[in-house]
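Chemist: Sequence:
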Amino acid sequence: MRIALINEVSSRDKNPLVLEALKATGNEIFNVGCTADEGALTYIQTGLMAGIALNTGAADFVVGGCGTGQGFLMSAMQYPGVFCGLIQDSLDAWLFSQINGGNCISLALNKGFGWAGDVNLKYIFEKLFLDPPGRGYPLHRAESQQASRNLLAGISRDTHRDFIDILSRVDRATLETVMNYKPFKEFIDSYGKA
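Under our numbering, the first residue of the sequence shown is numbered 254, with each subsequent residue one higher.
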């Protein structure tokens, strides 16, 4: 699985911790947002990056976040085909994977990120990718939860514009900043489908 890590500026100092915890999952990790050393992307820009990464097929999954996790979550959810959850701990991660079967998570990387925050990240990713997503929990509710997930995907398709149309309408300066951000541009150029 290709996972895009997309931090925004307020949480860029946590990027090495998130990256290290993600690497332990054995997936292909692409660090395409703000790193500890560079980048000044806002949650608006990183949410757009999540939409582009998922809608072009460059990423199978996006891990993002911001200070509280709320901004990135709201920004990413503006785009079709993005199913993002706010994850605070390993139980959130496992339940989100099993019940919601999403393709994007938002982490609170400043609020409540204290002692053993790096350990919490490790446990989050262990549980997030432990079982195949969308199985349902409890198992006797799996069928109705899978039906709900499929219904939500249909609603997303019906209520959003075509992604190319969205990109043609997005604020030009925001889109240019995102598409000119070197790590992200290289990632999309290498793995995205036009």
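FYI, nobody ran anything at the bench for these hints, they're computed from the structure. A few of these clues could be false.
Stated by the list, open to error - In silico lysine-lysine, DSSO-like type, Cα no more than 27 Å apart, as pairs:
1) 375 <-> 364
2) 364 <-> 276
3) 364 <-> 380
4) 380 <-> 276
5) 446 <-> 435
6) 375 <-> 276
7) 276 <-> 435
8) 276 <-> 446
9) 438 <-> 276
To be verified - Okay, the calculated beta carbon distance ranges per label pair:
10) 385 <-> 407: 36 to 42 Å
11) 371 <-> 309: 28 to 34 Å
12) 409 <-> 344: 36 to 42 Å
13) 422 <-> 396: 37 to 43 Å
14) 396 <-> 293: 44 to 50 Å
15) 396 <-> 254: 30 to 36 Å
16) 435 <-> 397: 43 to 49 Å
17) 288 <-> 379: 31 to 37 Å
18) 266 <-> 397: 40 to 46 Å
19) 411 <-> 368: 43 to 49 Å
20) 309 <-> 407: 17 to 23 Å
21) 369 <-> 279: 34 to 40 Å
22) 280 <-> 439: 15 to 21 Å
23) 426 <-> 384: 40 to 46 Å
For glycine and all other residues, C-beta sits at the position ideal for the given N, C-alpha and C.
Chemist: Hint by hint, say whether it matches the structure.
Modeler: The hints, checked one at a time:
no., hint, in the structure
1, 375 <-> 364, "holds (18 Å)"
2, 364 <-> 276, "holds (23 Å)"
3, 364 <-> 380, "holds (21 Å)"
4, 380 <-> 276, "holds (14 Å)"
5, 446 <-> 435, "holds (18 Å)"
6, 375 <-> 276, "holds (10 Å)"
7, 276 <-> 435, "holds (21 Å)"
8, 276 <-> 446, "holds (25 Å)"
9, 438 <-> 276, "holds (21 Å)"
10, 385 <-> 407: 36 to 42 Å, "violated (21 Å)"
11, 371 <-> 309: 28 to 34 Å, "holds (31 Å)"
12, 409 <-> 344: 36 to 42 Å, "violated (26 Å)"
13, 422 <-> 396: 37 to 43 Å, "holds (38 Å)"
14, 396 <-> 293: 44 to 50 Å, "holds (46 Å)"
15, 396 <-> 254: 30 to 36 Å, "violated (25 Å)"
16, 435 <-> 397: 43 to 49 Å, "holds (45 Å)"
17, 288 <-> 379: 31 to 37 Å, "violated (23 Å)"
18, 266 <-> 397: 40 to 46 Å, "holds (42 Å)"
19, 411 <-> 368: 43 to 49 Å, "holds (45 Å)"
20, 309 <-> 407: 17 to 23 Å, "holds (21 Å)"
21, 369 <-> 279: 34 to 40 Å, "violated (23 Å)"
22, 280 <-> 439: 15 to 21 Å, "holds (19 Å)"
23, 426 <-> 384: 40 to 46 Å, "holds (42 Å)"
Hints 10, 12, 15, 17 and 21, counting from the list given before, are not met by this structure.
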